[in-house]
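> Okay, here's what each chain looks like letter by letter:
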Amino acid sequence: MGWWRRICVRVMCAVLPAGKETPGVDPQCCDELCERIRREAPLLLRMTMHASVALFVVCPLVTVGRPCPALWLSAENLDRHAAGMARHPSYLLRQAMMMLKTVAGMSWGTDPGVRRSLGMEPYAADPRGWRRS
Amino acid sequence: MIAPGTHLAFQTGAPVELEADYVVVGSGAGGAAAAATLVRAGRSVCVVERGPWRDPQHYPLSVYGAMRDLWSDWGTLFARGRSMIPILQASCVGGTTVINSAIVVRTPPAVLAEWAELGLGEVFSEAAVGAEQEALERELGVTRMHGRQLMEHSEALLRALRSRGLEGHALDRSARDCIGSGQCLQGCREGAKTSTNLCWVPEVITRGGTVLSCAPVGRVTIERGRAVGVSGRFVHPAPRRGERRRGARFSVRARRGVLLAASATGSAPLLERSGVRSAALGRGWRGQPGAAMIGVYPHEVRMERGTTQGAASLAYRSEGFKLESLSLPLELLAARVGGAGHRYARALEEAPRMAMWVAAVRAQAQGVVRAGRFGQPVVRYAPSRADTERLRAGLGRLARLHFDAGAEKVLPGIHGVAPELGPDELGALESAPLDNRCYTWVLSHLFGGCVMGKDPRRSVVAPDLHVRGVRGLHVVDAACLPTTLGVNPQHTIMAVARIIAARVVNEENVA
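In order, the protein sequences belong to chains A and B.
Residue numbers for the first sequence follow the working numbering, beginning at 2 and rising by one.
Residue numbers for the second sequence follow the working numbering, beginning at 8 and rising by one.
Everything labelled a hint here was simulated from the structure, so no lab data went into it.
Every value quoted in this text rests on a predicted model; they were computed, and no experiment measured them.
Don't be surprised by glycine CBs; every beta carbon is placed ideally from N, CA and C.
Careful, some of the hints might be misleading.
[What the hints assert, rightly or not] Covered stretches of chain A, going by a simulated chain B footprint (3 or more residues, C-beta under 8 Å):
1) 14-20
2) 62-69
3) 94-104
4) 107-120
Next comes chain B alone, as it looks inside the complex (with noise of 0.2 Å):
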């Protein structure tokens, strides 16, 4: 019998058998926080998460670390297509709110739009989330970053767009006492990042609920046409040689319905592999790839120094993509500046005086993704022809803001475009090929895969908010949501579980 209020880790030896009301599957941005909704409204929760739980003093400082002990299989999750793009999310409690920027952006109104044309605006109107998202603004503490938190590295890129002017903004973040210590990617040693590890996950165990870390759910058991619990296999996350990697098998019923909120790279695969049948299970995958320019200038820039993501311009959300101060750390700027060899070495010798900007495109792709054989999930996306003209310009835009902050050179880091470009040679820009495959993408903001809709050809949750042809389960994070966003999706999710929560208990009311 395990008490109300427990978290159990990894275990081995005999089965884990647990019940509750509900079962919510991750414990991220969407997850927790639809947690956080049935908990406060009295009902009994289990959240089965795939990673292990880490508290901040258990977060690594290194890259290697966090390519370890954070991030989905080591980094190692590529979009497939024409070109390899990887995917960066965490597998741990809190999900990738552990090691993303905690930016706060909300949903914007012409989204909402889209989402009423396919038959969602009754539920998620714009009166509804943006209530949602003011309340979450106050319970997270939502502050716009300034001083010692946006330094140089974000700063220069304010100064540059107020040159032109464009908008920019500092960005607002829920991570109220930011030191600025650049450490986002990695997790935030100082635990100033609200992220839900730290706020909902434990407010969940205070209320009751139970949390199973170390725990990816196999498959949802689905029986008469109702989702009535999950199971799966504890996995150890750091075993020793000659220790067992896998444990005892866990099984957790649930009295009233499953969420699901196992990724926008989870949630898809994990109902294929519990025997749901929908001809759009898996697609309808977009994504908001973006690439970096960086910026050598004259004086010591210390992008190392203030917030990870400090300041951002929507000056182009028209254009299709957005522009974001980012800053990596060193091991990850050695592998985005362009080059090897003696040459190579020397451009990094002037990281202290670098600026690194990105911009993000509102993508058109879309992909697909599936149950892969081993366990991880297998991802097909390649941006666009349009997609990548998109990129392209915001790389060329992103140029000539650098310039105009008083850069000396920029590092385009685009094949078939000399690796250096001074403020004379930005014509090459504009010419830069086309091909998605020279372009160094990152994919960070992920969605669809189980999105909603009323078409049940193209929607794999119905207006109602089920999945099809199964009462009581329920998708609450990225992979519901029908189409991009165009700005930062974490405030999104969050608004758009506790909705779907709320609903939830609403109709358990009801009935």
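Chain A on its own, in the form it takes in the complex (with noise of 0.2 Å):
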């Protein structure tokens, strides 16, 4: 894993970590999923998701006032930074959370011991195929 992967990863196990009784996103489904997104996904989400990573790791003296990278904070501070960043007055701000969310949401929501801890079904692999004639 690469060193921005991993801020990556880090960023989205702070937007959403462990409940009391269900796991947060697991850093290795995480890790799949950003390396998917960057052999499948078009420039424009590849671009808006680093882009939200990158403001969520240098804001936390807009949230919490500490003037240093959010991967250095407290799990307290991290954890207030994160809750600050999705009901900041900015809407940039806000709309980056919602990105960081949704790929988060992403990873978290596939991950079959969060859907069992929910008393989900576990999701099979995807088929992608398609007609060719």
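Both chains are sitting in their own frames, so use the hints and assemble them into the complex.
Here it is in structure tokens:
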């Protein structure tokens, strides 16, 4: 995993951590999703995701008043930062958080462990076929 | 030479050249309905579809798979205005009928009266549209949802509406054998939904027509004021590393005419790229944007069980919004629930006890759709303050209905309002901000861009159903509808497309 990918995964884990009885974003699943996005998704979606991760990393000053990258924050402040970004007056920051939640949600919602813990059937693999003729 | 009754997917090598009486661009509700009408009248038809042809066994299960394989541009098309509103459409054979809830609602008479004022009363009379919709209902096997199809998620909405003495009904859908798998957004893997890739597009082939898939049309060829065909280039739907995305060029010659059904975001940009000049082109773009109110119940609701949309109410139609149940897959629910971090994660643990209902606004706002520089259309649109007021009112009604149905709390998802509200805190919704950036809007019912009408300054299509200034060119999808409907549009789009196609054949017979 490259350094930027590690940052992306850590950000997703901070956005959607474990609940009381439900696992949070699994770093392995999230890394696999990021890799699929890198290989398959259009440029616009990739750029938006990376820009949202970058915003999350650089803006703790405006959410928790700490002038440092988000991933240097204590666990408690990181959680406050994530929550603060989701309800921030800036529409740009809220939209960036929406993007992060969409990606984190796709990783979390397809994780068989999460689905089992919520009493849902795990997904089978997506088939990805199409009519050739 | 290509034999009649052929489907051609992605091609490489020499250009593909075809000829047919009519070329239909797009295979969704409008395109497929028009194509089926034309082949039944004995005309040769070539349907040209931008996306690939996927059968139910190819449909994905996950939302990621649906974004990649079915949704237009991975769901990255947004209406840009003061806020960014995602537009949900599909790009595949069958178009958006593959991923919608197949809801069937007849065109309200009040809407047809509005159209009559625009000079369309002769063609789209109440009798003509009603007869067409009745025929469609028989053909598509429309049934009212019941029992296992509804489940608690929709039953609770109906119960709450009844308790207040409000109109509410189980939805009529063209999904006769629906088993309530809650997978409409990812395509029905059971094949229960009568999407057009399962009925009319195969019929076109059976009756000797041709279907091109993975074939985005670049432009309509217009010679001496007449549409004579379309051209473009095949695009691979899932190229592997090192594989070329762009394939062979194609051109289809139309002996009699071209019918456009490239969607409300696609038809106007295609005409623009083809050199059609009209002050009204791309204008009059409208939508029925909506947002959701989630209720959290003391018991399990399991909105993933039952049909994606099972119940609705038109009780507030005069106030400009309608209410519907709508279930979301877990991945999308995670994006909709407000917040981030540990508190948000704990809120998501309540997913099995959540029911989501939506208010969709018959918006007054109008926008513009244009051809973008990189192929994707550019939509400029923002709900007006009055539209936002309607949405706020709709969300307030939904919150009350949730509590009537026994919810413990609601999750409004409105910036500036607490993330959770109890039954005694609903006053917060009445004073919620009216800035449209504070709401989580979604646009799925789209109209306009090439609207019909008698005023040449405001309409692209004349009352005789031709694109002004171009003979043999017609628009047969939501792009030509001159107003919003206030109800789900699929049934209207299909009826309008069939009426236009039948008139095209009639005109030709007279000529």
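> Go check the segment 107-120 of chain A versus chain B for me, would you? Three or more residues, Cβ under 8 Å, otherwise it fails.
Satisfied; 8 residues make the cut.
> Against chain B, does the segment 62-69 of chain A show at least 3 residues with beta-carbon separation below 8 Å?
That given contact is violated, which follows from only 0 residues of the segment 62-69 of chain A lying within Cβ reach (below 8 Å) of chain B.
> With a cut-off of 8 Å between beta carbons, are at least three residues of the segment 94-104 of chain A near chain B?
With 7 residues closer than 8 Å to chain B, the segment 94-104 of chain A meets the three-residue bar; holds.
> According to a criterion of three or more residues whose C-beta lies within less than 8 Å of a C-beta of chain B, is the segment 14-20 of chain A covered?
The restraint on the segment 14-20 of chain A holds, since 6 of its residues have a Cβ under 8 Å from chain B and three suffice.
The structure fails hint 2 only (numbered hints given earlier).
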